[in-house]
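Enquirer: Chains as they are written, first to last, in our numbering: chain A, 13 to 497; chain B, 164 to 258; chain C, 790 to 1272.
Read the hints as simulated data drawn from the structure, not as lab findings. Some clues are possibly wrong.
Said to hold, decoys possible - In silico DSSO-like links for lysine-lysine, alpha-carbon gap of 30 angstroms or less:
(1) 173(B) to 350(A)
(2) 16(A) to 161(A)
(3) 350(A) to 868(C)
(4) 103(A) to 919(C)
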Amino acid sequence: MHNKSVAELSRELDSGKVSSVELTQDFLSRIKQEDSKYNSFITVTEEQALADARSADEQRAAGNATPWTGVPFAHKDIFCTNGVRTTCGSKMLENFVPPYDATVTENFRKAGAVSLGKTNMDEFAMGSSNESSHFGAVTNPWGLSKGEKRVPGGSSGGSAAAVAARLVPAATATDTGGSIRQPAALCGVTGLKPTYGRVSRYGMIAFASSLDQGGTMARTAEDNALMLNVMAGFDPKDSTSLDRAVPDYTATLNEPLKGLRIGLPKEYFSDQLSPAMEEQVRAAIREYEKLGATVKEVSLPNAKLAIAAYYVIAPAEASANLSRFDGVRYGYRCEEPKDLLDLYTRTRAEGFGTEVKRRILVGTYALSAGYFDAYYLKAQKVRRLIQQDFINAFKEVDVLMSPTSPSPAFIQGEKTNDPVTMYLEDIFTIAINLAGVPAMSVPAGFIDGLPVGLQIIGDYFSEARLLNAAHQFQQVTDWHQREPQ
Amino acid sequence: MTISREDIEKVAVLARIRVDEEQVSALEKDLGNILDLVDQLSAADTDSVEPMAHPLDAVQRLRADEVTETDQRAAFQAIAPATENGLYLVPRVIE
Amino acid sequence: MQWDIVIGLEIHVQLATKTKIFSGSSTAYGAEPNTQANAVDLAMPGTLPVPNEQAFRYAVMFGLAVNSEIERRSVFERKNYFYPDLPKGYQTTQLERPIVGPGYVDIDLANGESKRVRIHHAHLEEDAGKSLHEDFHGMTGVDLNRAGTPLIEVVTEPDMNSAEEAVAFAKKLHSIVTSLGICDGDMSQGSMRFDVNISLKPKGSDTLGTRTETKNLNSFRFMEQAIAHEVERQMDILEDGGVIEQETRLYNGDRDESRSMRTKEEANDYRYFPCPDLLPVEIDDTFIEDARSRLPELPDARKTRFKDQYGLNDYDAGLLSGDAKLASFFEEAASHGKDAKLTANWIQGEFSARLNAEEKTVADSPITGAQLGDMIIRISDNTISSAGAKKVFDALWTGENDNVDAIIDAKGLKQVSDTGALEKMVDEVLAGMPDQVAQFQNEEDPKKRKKMLGGFMGPLMKASKGQGNPKLFNEILLKKLEG
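So that you can see chain A by itself, here it is in the shape it has in the complex:
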């Protein structure tokens, strides 16, 4: 049962072959047995899940089912869940139980889905290896058979590992610079970062507000479509969410790809790309040609500046977003503060981990008097140049394709001592967040037994087309079905 997709489980529930309670028990026991290897969950909500499963079974029996009614899944621990601890991977929120739901959480609740718990993540979503979590690193299910402890990618590493290890069929995730796509690639699952503003950010703990976007992670493109059907939409509680019709993303999955125009950004296929990675990606693109797509080279001339712009804008926004964690109203508070300054500086020194503090300090510096123009304003201008590159490219082609990450999953600890090397993990994903366009990562082969991802980038609000392209690819390949041993 645990190898089935959301779509399949939904059909099984519909036919009455299995109940939600049975499914939920099955997945919960898998988590209990297996997750000690991966550490992909921070919190497992067994009782709540079984209660939700029982009520889902009642809803199904009463004929009030949505495709999600009774289907188990998990939330990245960045989405606030009413009454359930929400840590954001941080000591700062180790015991934080919000009395409110994120809009995404509420949407899944309303759809009848059964949350099994909260998945591990890099602290405050800052990281590309899930090693900065206060609750311990997550181990990638791939490579374990060889005795290697590899990273799952980050920051949504817990969601990716849990889906890859079949602990849940699907999990929510967020992406600020590649945090859905890179872990999806490294764990061999399918993930989608929607257009900025497509999914409400309300109750999703902010890292960098103008870049953060909630999204989906599952093994198949179809399941991603089912998730997005629940998540997408205007939210009056999020001023940056867009009031724009939400299509049924499953309705167009089977459209033929004949005539699809694919652009390959030449900057992403430079000498620095490893031959093995390039071969995997080119092989995947040949599959698309077989499906009737045409391929041409395009240019994103400013893409090389994306990492630099990102590491000004994201830390700058984060430096303000994380000021609310001050030990006054909720969350961690240092012991016996001797005065107000001590309360602030010790609470924040003790409550935040190294990478989070590093980024707050960088962001504070970039915004401080004398540096604002050279860093922050300059980065915002470069951001516009990057956006313009994408706008220009989409005048010529329908989608762009590239590797998702420069290399497959690396060994834990390999890059933790050098933040800049870690930042380069996101070299292919980061420009997409700056522009705000949607992109997916789709399993597209293996290097030395480790999965690699194909990144498919679309124009604003073209999620349906991305999902269609990914789904068609998954009809003729089985990379997404491979199971780690």
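Please build the complex by placing chains B and C on the supplied structure of chain A, with the hints as guidance.
Expert: Frame of chain A; chains B and C shown alone:
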């Protein structure tokens, strides 16, 4: 670009994060490397480019002036580190 | 040495919206601590701001009232600093594109001249909560009910040159925002708070001196005192050859003292940047015209109308038109009582005195404009004397009775205006005072004669049991005495 110890100490005060001597040394190196990376920006020709604060060219929606919230003090203060008589407590503030 | 005083003001005006600027929490004053602070106001993780349309409407109305350009695309910035009453660790405010651009306000001065004070801009922002410094085991308590209340901060050019001008401007601004109905104007509750920037320069010099900022003055009186105090402090330093340090100061009105809060060197680096949770706000023609259509009569226009419609002089019209509530009280009374000048006198006399004595505002007045008007009618038609009117006013004020005529009857205040009866009383009184009559008739000095005339009034009023119409008594007396 290098960042001085004084800069790091100043920024740490602004960000209200206590850093000790040893951390300052580590930060000097790490922040210096990050700023080197960021310095690539200076190469870009951005004359006459408008800064971009948002990915989408949308305008703000406004909310009607109607009370939609009810008192939830008990729920919020149940998760607070220190409260008394409905107030959040902090070390004495001197104006 | 002679000095020129240069004053600029920053005024925080709390907008009278029902809800906060970025959340649907109530802004009502006086609730139990933190019962009006919701998830957004408390900066709970993941929460986001959604702006209140009414705050923008009020800001635009203010802009139109002070002759400003409205910014068609205004933007919010984050101003970063840590303080317990600031839950997000930043204040959402406007820096680069404030909603209200440059404008001006004309103020009237005591010497009868008028002066124009330029507005630099006014921006929308959120108020902070309150720190309560009573002792909680050596801790401070924080109430966030006020956090997120919409404010406009009005910033003037340094166009004022005396405490009198600054106070006149502050009063004018108070009058404008209360007339607009965008602020309740209650300074004791912090609805308007003033920061005063003051510098001195040698008389006639073009170069501005170093300025200090005195923060958070919440009454006109404190503002006047604080300016006087600061001018003197700076003058003492300068005349001793010292230099003024740019700093922020706190004034203690009860002790007439001030002290430094922070100097420029200690000034925070606020790291302003555009708030990524909010989009640019577009204000279009429709919105502006709608706001314009909601503008009530403003103090300047009202003053002109009071002169035209009621025949008031410039001074009376200015005083009565300034405060919206006082103006409408006057109009209610004047439209009942017909005699506008007499109404104006009563409002500025007895009515104001009673309000002041009991520390009440017009809104708390126990008597209505209509009641005052009824009383004015009875004065005008000679039913009661002004002494009698004072008794009527008293009864109305204390709530003894709410009907003017009933009070007159009950207290027997009705004057005798029957000329025949009065003449008879005059004849009798004069017959009993032959010496005084002779004295009066031999006196040439009109002043002394007038005074002597008063000497007959006492016995007359006594004879009439206080009910004789003094005006008529006077006329009859003169006729009889002068033959």
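Enquirer: Now tell me if each hint is right for this structure.
Expert: Against the structure, the hints come out as follows:
1. 173(B) to 350(A): holds, 21 angstroms
2. 16(A) to 161(A): With Cα atoms ~26 angstroms apart, residue 16(A) and residue 161(A) stay inside 30 angstroms; holds.
3. 350(A) to 868(C): holds, 27 angstroms
4. 103(A) to 919(C): holds, 29 angstroms
Going through the hint list in order, the structure satisfies each hint without exception.
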